[in-house]
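Work out the full structure: start from the sequences and follow the hints.
Protein chains in written order, with the working numbering: chain V, 441 to 795; chain H, 54 to 562.
Heads up, a few of these hints could be off.
To be verified - Using 27 Å as the maximum straight-line C-alpha spacing, the simulated BS3-like pairs for lysine-lysine come out as follows: (1) H/Lys396 with V/Lys787; (2) H/Lys396 with V/Lys688; (3) H/Lys377 with V/Lys688; (4) V/Lys787 with H/Lys401; (5) H/Lys444 with V/Lys447.
Claimed, not checked - Here are some chain V residues the structure puts well away from chain H; computed CB gaps all over 10 Å: (6) Thr613; (7) Val640; (8) Val758; (9) Ala779.
By construction, these hints were calculated from the structure, which means they are not laboratory data.
Each residue gets a CB set at the ideal place from its N, CA and C atoms; glycine is no exception.
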Amino acid sequence: METNIWKKRIDGAARAIGRQLCMMLVAIVIVMLFLAVSGYSPLIVWQGLGRAFTRDLSGTIRWAAPMILSGIAICIPFKAQVYNLGVDGQIYLGAIAATWVALAFPPDCSPAALPLVFAAAVLAGAAFAMIPAVLNLYCNTDIVVTTLLLNFVGRYLTEFMAAEVMRDQEKITQVNASRTLPESLWLPKLAAFGNSSANVGIYIAVMVAILAAILFFKTTHGYEIKLVGSNASFARYGGIHSNRVLLKAMALSGGVAGIIGAIEVTATQHRLIAAFNPDIGFDGIVVALLANNNPLGVLISGVFFGGLKNSGNVMERVTDVPNIVTQIVMAIIILTISANMTVCRRKRKKEALSK
Amino acid sequence: MAFAIELLNITKRFPGVTANDNVSVQVEESEIHGLLGENGAGKSTIMNILYGMSKPDEGILRLYGREVEFHSPMDAIRQGIGMVHQHFKLMPDETVLRNIILGWTPGKGLVIDEKKAVKDISEIMDKYGLKVNLKAKVNQISVGEKQRVEIIKALYRKVRILILDEPTAVLTPAETDALLETMQRLKEQGCTIIFITHKLREVLAVTDHVTVMRKGVVTGAGPTVEMNVGKLSRLIVGKEVSMEIPMKAFNPGKKVLEMKHVSTALRPGKMPLKDVSLVIHEGEIVGVAGVDGNGQSDLGEVIAGLIPVQSGRLFLDEEEITRKSIRQRRKKGIAHVPEDRLKTGAAKDCTISENLILNHYYQAPFSKNTIMDHKKITQVSEDLCGKYLVKTPDSTYTIGTLSGGNMQKVVVAREFSDSPRLLVAAQPTRGVDIGATQYIRTKIAELRDTGRGILLISAELDEVMAMADKIVVIYEGELVAQFGRGEADEYEIGEYMLGSKRREVAYGD
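Listed below in structure tokens is the structure:
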């Protein structure tokens, strides 16, 4: 019995990973076709990816952290059938809060203040994510629409903070940016990669993914989220308050998004810059979809997307293929996933019909 | 006599199961042919093959002696085969007329010749004695009338072979009798009918031949005159089933549930309760008879706490629960088998064990400080699956993979296993095969005999009459009559169900 279950689990995991790899492969092959048609060498994609996972591994690690976290932020509410498309806005709020708290410390403060910086970011992200959730509960607004629109609020609020409220008065630059954070509050780089962009954010990301997996598979919260997602009236019939579950899921999602903001500020930018976020939140949707909403799967697809993002930069640097190619890969992955889902649904429907 | 339909040596396999194994069904011209079997016996598979919805792996299909091959239901319809599904396929906001002519509109180009349609349909209605108001909207007519519309729709398409899939499941006794009469008339006019049903009485009353299936094979076929209830049920379930449910003598105890003048608010598509008062005692089954859609849903849900009480009061064991939450009521001992197990009773993408622990997942032994104990959960689920005869390899399968009867057993296992004070069982055997039905009824009787109160809401009058110690009839949200066991026959109760009669109801005792 026991071994049977494990066998089934390992079987399932292997199949899920195989499916992920398959879809990535299909997407890459289609992009190769695009490149060939447009007169580029189709092998460029492989070169770019190859470099991203060898010589330029540090860049991949740098990008994998936000990709993983963003995937987690998407998949928590997604499991409850709630679509949080406002991760980008929540990232901005996290960044603002992190910068604000970090700048409140004197330049020679101890790194022990770092957890406070992150806590502020988590709270700000969570609070920002609660706005659409509360609006949904009390005014019945559509969460997809409100989260999407609040992205602009987050983005322009950051611009306003960087340009006006927190602007560095001493430096006259063209970029709107705050003062630089105290150096002791910079997130440490990974020593193995020397002076590169790879930082300990990746550890935080892996930890959050594992915590999310525990939340999903081991706790009653995960059970409630899953029930509400798969049949809300069944959950209600069992006495579960789906409103509370919705708030919980959105707060967790926003909190994780806030962490991304804090990492970007403390590890990479070291100050608050307007529009620093290259739509990480939207990439997270693809990361979560590819992983079929499994936090452990998000670890794999997050690393892949980190590599993809990095390889885009690499390709642009060494060839004349524009960075935008990576976006095409993502778009095609979304298409292959939805095609896959449609086929599965049809197959299931057919089976059900003929039963 | 020539055969209208010959399905010969049909085999159809699905991954993991052989749904039809060398099945042959032969139907004579102008006869009513009964097709019997439990859920999952392969009836729907063979009918889907006949209706062109799926193709057999092996075997041939002959119509009037000519071999045919169908690629879609359209082919079947063109060959004169029509099907009336259990769940009607009508557009509620359109008129009866438009529903009938949809897809077969007379007229040229974009212009519909409604006059010709009305004339043609009236001819059909006169010929077969089927009456409906063509101008009425479908959402205004009764279930029985909707069924007539479906039959007229098939006849309008010049159907000579009619498949009726459990047509009497939703009808009152009087409506059932009318349908059976219509079937006779259709037969006299040359129609061939395949009648799929669970109800042996109807089969014996109206069919000429029967074919019985079990587990994908034909277990018996022959003229109806050679059959009887015992023989048929043996062929269906493979062993003798006693239709009697053993119960102890009626010996009611204290009041368990008391409803005092309860009304509920109007919801779209549901009939609200109007001033309903009802008492259920320990060791008593109170059966609610009524045509679907007369407030049964609200009655079950208001007691379980799924919908609020608008006015009136509810008591459980003399304690007021009018404003208590769903979970508080469950903790106090109310169990609830909801009427719609797919919508409310189960989450079909979750596993069987996740479905089983719904009522107690937040407590020991299933979880401690919000950390769930999967080992314990699996163990308890396996126990329950064994105890309640759920047919599944193990409890980690999603509940959506189970058949209707097995899914209902999971619901029953969950709700019955924590020995409730009061059980609200809404349509507990709807769409469930004979074996599982008997099993569920026996379990309900066990609960009654151990001193629980039971509210049995069922559209099956037979079930209510067989099980209930007290029968109340619900009509348009009101309780219009109350009988003790054996005080009234089904025709009398049927009259109250249709609202043509009502009498003062003595409450309380």
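Going by Cβ atoms, does valine 640 of chain V stay more than 10 Å from chain H at every point?
Non-interface label on valine 640 of chain V holds, nearest chain H Cβ at 28 Å vs cutoff 10 Å.
Was valine 758 of chain V rightly flagged as not at the interface, with every chain H Cβ beyond 10 Å?
46 Å, holds
Minimum Cβ distance from threonine 613 of chain V to chain H greater than 10 Å, as the annotation requires:
49 Å, holds
Compare the distance between the alpha carbons of lysine 377 of chain H and lysine 688 of chain V with 27 Å, and conclude whether the hinted pair is satisfied.
With Cα atoms ~24 Å apart, lysine 377 of chain H and lysine 688 of chain V stay inside 27 Å; holds.
Given the hint that lysine 396 of chain H pairs with lysine 688 of chain V, test it: the Cα-Cα distance must not exceed 27 Å.
Holds. Lysine 396 of chain H to lysine 688 of chain V sits at ~24 Å (cutoff 27 Å).
Starting from lysine 444 of chain H, check that the Cα of lysine 447 of chain V is at most 27 Å away, please.
21 Å, holds
Given the hinted pair lysine 787 of chain V and lysine 401 of chain H, is their alpha-carbon gap at most 27 Å?
17 Å, holds
For alanine 779 of chain V, which was marked as not at the interface, is the minimum beta-carbon distance to chain H over 10 Å?
21 Å, holds
Agreement of lysine 396 of chain H and lysine 787 of chain V with the hint, judged by alpha carbon distance not exceeding 27 Å:
Satisfied, since the Cα-Cα distance of roughly 22 Å is no more than 27 Å.
Checked against the numbered hints given earlier, the structure satisfies every one of them.
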